[in-house]
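As given, the protein sequences belong to chains P and D, one line each in that order.
Quick note on my numbering: the first sequence kicks off at 1346 and runs consecutively.
Quick note on my numbering: the second sequence kicks off at 267 and runs consecutively.
The set of hints was computed from the structure by calculation and includes no laboratory data.
The beta-carbon is built from N, C-alpha and C at its ideal position, and this holds for glycine as well.
Careful, some of the hints might be misleading.
Said to hold, decoys possible - Cβ pair distances, simulated, as ranges:
1) E324(D) <-> V1435(P): 49 to 59 angstroms
2) V483(D) <-> G1568(P): 28 to 38 angstroms
3) V1607(P) <-> L486(D): 55 to 65 angstroms
Stated by the list, open to error - Selected chain D positions facing chain P (in silico; Cβ < 10 angstroms):
4) I297
5) A430
6) Q602
7) A611
Here are the chains, one letter per residue:
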Amino acid sequence: MDAVTTVLIAVLGGAIRVSTPFLFVSLGECITEKSGRINLGLEGTMVFGAMSAYAIAYHSGSPWLGVLAAAAAGVGFGAVHGLLCSLPRVNDTAVGISLIVLGLGLAFFLGRDYVQPTAPRLPSIPLGSWSENPALRAALQINVLFVIGLALAVVLHWAFRNTRWGLRVRTVGDSADAARALGLPVVRTRVLATALGGCLGGVGGAYLSLYYPGSWNESLSSGQGVMAVALVIFARWSPLGCFRASLIFGGASSIGPALQAVGIQAGYHLWNAAPYVLTLAIMLIGTSTSRATIGAPGELSMTR
Amino acid sequence: MGSTPDAVVSARRTPPPSEAVLRWVVPLGSIAAGLLAFGAFVLAIGHDPTEVYSTIYEGGFATAFAWNNTLLRAAPLILAGLAVAIPAQAGLVVIGGEGALALGALCASAAAVPLLPTLGAGALLAGALAGMAGGAAWFALVGVLRAHRGLNETITSLLLSYIAIAVFNHTVEGPLRDPSSLNKPSTLPLPPQSMLGAIPGLDVHWGLAIGVLACAVAQLALSRGTGGFALRVAGGNPRAALLVGLPVGALIVVGCALGGAAAGLAGAIEVIAVHGAASASVLAGYGTLGILVAFMARQQPLAIVPVAILMGGISAAGSLLQRRLELPDATTMVLQGLLFVAILAGEALLPRARR
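For reference, chain D alone in the conformation it holds in the complex (with noise of 0.2 angstroms):
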């Protein structure tokens, strides 16, 4: 059937909102209409949600000890959220980063700590190199699965990550522990002194400057190199790759692994940075969040940045939150789950995903 004159005239009398428009506006109006749905919840528990709002943004972005706070929590974050964008560009939805960011962990001290005494700061750097080929190769082994076997990666990462952080509790509590850590098993510290320092004019330590690089990287990589590119096209249509002789899987294994990498490297740089040891605290939930995190970018590498920031600081305000109006720390866990509920449901809105 012809569209009719009239059809056409009413059709450019209300032109379509352009998509460069739509891919801002309905990402924001999602995130006012998460913020809204938290403030009447924060009303029908009997609290006043302007104070609510206000304290978050005290907690998380008002000072310098706040963004302080809010930046440790984005750096690991960050490397999370890369290690879902990743994998998510080939099609794939690998949701185990907290048990690749463990054995990053793991990984990191086992290296570090030994080589400390003949490497110097050389140790750091074998530490991290470490954490990322422990989290690479857990990941890897989930694109290998999906690729040679079929085996869905949403599900096999998750029984991965399972065993990795039973894998971890193991050695921390046995063969790596420390015998000095009597209450909290943890594995052998660095000395303070020989940890990854402090950004200079910041109170953060370099693993947030690193996981920017990362997603910067990483964006470069997706819109520019050709890797990156096949990665697209193996994610987008996996018929056309494999008839234009794209390797399809190991395009996915190579994707995982890099994912694998990043959660690796989060976990390393917690050990390196801020615990020193690889021990239960270093398990935050970091990997599950940086799912949330990548969801909300859109699997943008350089979008990560700035989500991972707004939940790490939000995260934040949860102390200030419990203290001040007495809210339990879930609070923050609401607002996050609010925010993440209503990005998914305006990608109704948008026009199609173009890849």
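Next up, chain P with everything else stripped away, as it sits in the complex (with noise of 0.2 angstroms):
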């Protein structure tokens, strides 16, 4: 097989490891900035998930029990965010960041005893079973959590045009005003697409820490949290957008692992910022002089 197949394999396979978490927090950020709320805390969250989930697993020896653990606490860290958001003149970004380091705090605090033990790992679907080729085999080795991540993806998209509640979580979300005129309650609607939101960062935690990398220690988040703030830019506010965008983020993260393993050493760390380029020359694209970003809720700080 020759080298320019096998990097992409790497990178088809890398896309889909890499991208779950990242599904899921933008995900869960999508709902929140939906309600017109920003969530810069889900990196937080997702980390303090990651230690929950691991640490749950490693007692109860159900992954399972582990992922419900995760989503547990994101739910707590989500309310929070959004209860200490709609406190008068308290800014979210702030809360955001301040919640990004006291979710990092616990997580590395609670987290210690738990570097060295190993807890069962989320099972994985072997879609490519079917094949000779081991290197696509291995890259076909789709976990659960990809395709549940997946499916919400479809479903949040219908939800938001044909439901009650995801209409009611738009008009929150575009217009406070006209939400209040029609007798929806702002506040707890936006409260609960945040702690909603922090349930999926939580989740998106306990992949990275029960199937890929597979275990915990203080380096395992890269930065997705925050980086669930500008896929959903990305994204447009589309929960099918946001299935996309952590594919193509997830793809340019690999290529530069999937490089090194046919021996290109050569600009490693430069292809590590590939992902990052990618999402400001798409967020450039997508925006003009004269008109706001395309697609974004009316009541986003972040936007106006």
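Using the hints, build the complex out of the two chains.
Spelled out as structure tokens, the structure:
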């Protein structure tokens, strides 16, 4: 097999493996932003979720209980963020940063004893079993969470358009005044949307510690949580767009390691910047001086 | 509906606390609330809060050694905080300070080391200026993207920060690598005797004084200078600023560039005064902690100095907490996070901001 094919297969496999946490946090961020709030703190939520998932999976022997614990922790962080941002004159970006510090601090503090032990991992589906090619078989080992994430993106895409709940979140996010005039509970909707967003952020963290890279340590996350905000802009606030953006971002992050695997070392660190350069370029294409960012919820402080 | 006589009387009976009092009481009360919350956390994990607090005091502030440690951390934190506070005057939340700091360190090392044989001590100045230029250029890009393309500065600064760190790693491990740095790649080092010296009477380098001076100048420019005033008008009400003919776009770019220069200087000073070369150890998270410092100081340049010293002291106490009480390093992060959350929540109790 030639080097180009090897690299392409590695990038494909990497895209699927690396994109799953991005998919969950960006879907969580998407729900939150649709309600008119930003949660930069998903980074802290995610790392705390990764730690709690690992700890619970280790003690209970069940990785799924771990995912549940991460989801519950995420709801907690999301609710705190949502409630704090409901106070008057409190800056949501700053609250997000404070919860990153607090979430990372608590996760590193409580997770100190879980760096050594090995927790059971989440299962995967061998979608590539038909192939003779071991590289392709490895690339198509799809984790169950990836499938769940894809299904979730489809469901959310549908729900935002067709359900009472989805319309309510979008109304609150586009114009708080209009929502109030309709008698919708603005603050409660936003807190719930932020809590749900936190829940998905926690699950994204569980994937990190329980599947890929599949262990718990302090350098587990490389900023996936904060990147979620950029990915949602990239996705133009669409859940299906989040799926696409996560795959592209995951693929771009896998170029460096894939080239390294076939012996190309040059510019390894520069390739690591590829996903960020790509995101910046796509954001640039999506805006112009004359109009605001396309598709942004009207209440979002970030794009006003 | 007019106010009834009763309402007027009761309003007179309990006058609202004056704004000046609230501006002092609320932040101090928030800090107390944060400390209490941390005490509860410490208690919950089975430690004695008074013992933990006295250890933090001892490790950060009790001895000359502790003060040195604290001020060594405060020096870059002051400049990293200023990097957030200056753009904040124009209403911008720029959080990519770590990247500007990395570029500042890289530029400083690249300029100072080759110039040392010809310029002597002047090479340090050249390094500092190069670092400021590198940081300023990086943040100016954030300002340009904001002013001319409407891209959110928080996100672009973050993306650019990741890109800057990738460039930093690439250069330190590639083109500018000192061939003799084997396990820990770094650029060519400055000889220790040529590095920036200590302030007389302290064991802390001059970078601390430079940071304090920068904060004083920034405070003065904001409260007295026309440029600072224009920046604050542009941040407070861009439409009004445009109506009175202020160049809002240019102000945003300049505000960002000045912030980037502060972050770049922080990185440059870490190279010319502490590490001697650019390596991974320069990137110790000061850029990120600086965000926290700036927000806790409510974006007031002079308030940054005491907050940076407080945060530096808490960080410095980490190793003593670990040695004496076997608490993890992250303990200080939990405390910093709780203080930050408490101070932000306290904003809700303050009267409407002036600007």
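ask   = At a threshold of 10 angstroms, is the proposed contact between A430(D) and chain P supported by beta-carbon distances?
value = 9 angstroms, holds
ask   = Does the Cβ-Cβ separation between V1607(P) and L486(D) fall within 55 to 65 angstroms?
value = 58 angstroms, holds
message = Is the interface hint satisfied for A611(D)? The criterion is a beta-carbon contact with chain P at less than 10 angstroms.
response = With a closest approach of 6 angstroms, the A611(D) hint holds.
ask   = Does Q602(D) pass the interface check with chain P, least Cβ-Cβ distance below 10 angstroms?
value = Since chain P brings a Cβ to about 6 angstroms from Q602(D), closer than 10 angstroms, the hint holds.
Distance restraint hint 28 to 38 angstroms, applied to the beta-carbon atoms of V483(D) and G1568(P) = Holds - the Cβ-Cβ distance for V483(D) and G1568(P), about 33 angstroms, lies within 28 to 38 angstroms.
ask   = Does the Cβ-Cβ separation between E324(D) and V1435(P) fall within 49 to 59 angstroms?
value = Because 34 angstroms falls outside the window, the suggested range is violated.
query = Can the hint on I297(D) be confirmed by a CB-to-CB distance to chain P that is less than 10 angstroms?
reply = 14 angstroms, violated
Against the hints set out earlier in the document, violations occur for numbers 1, 4.
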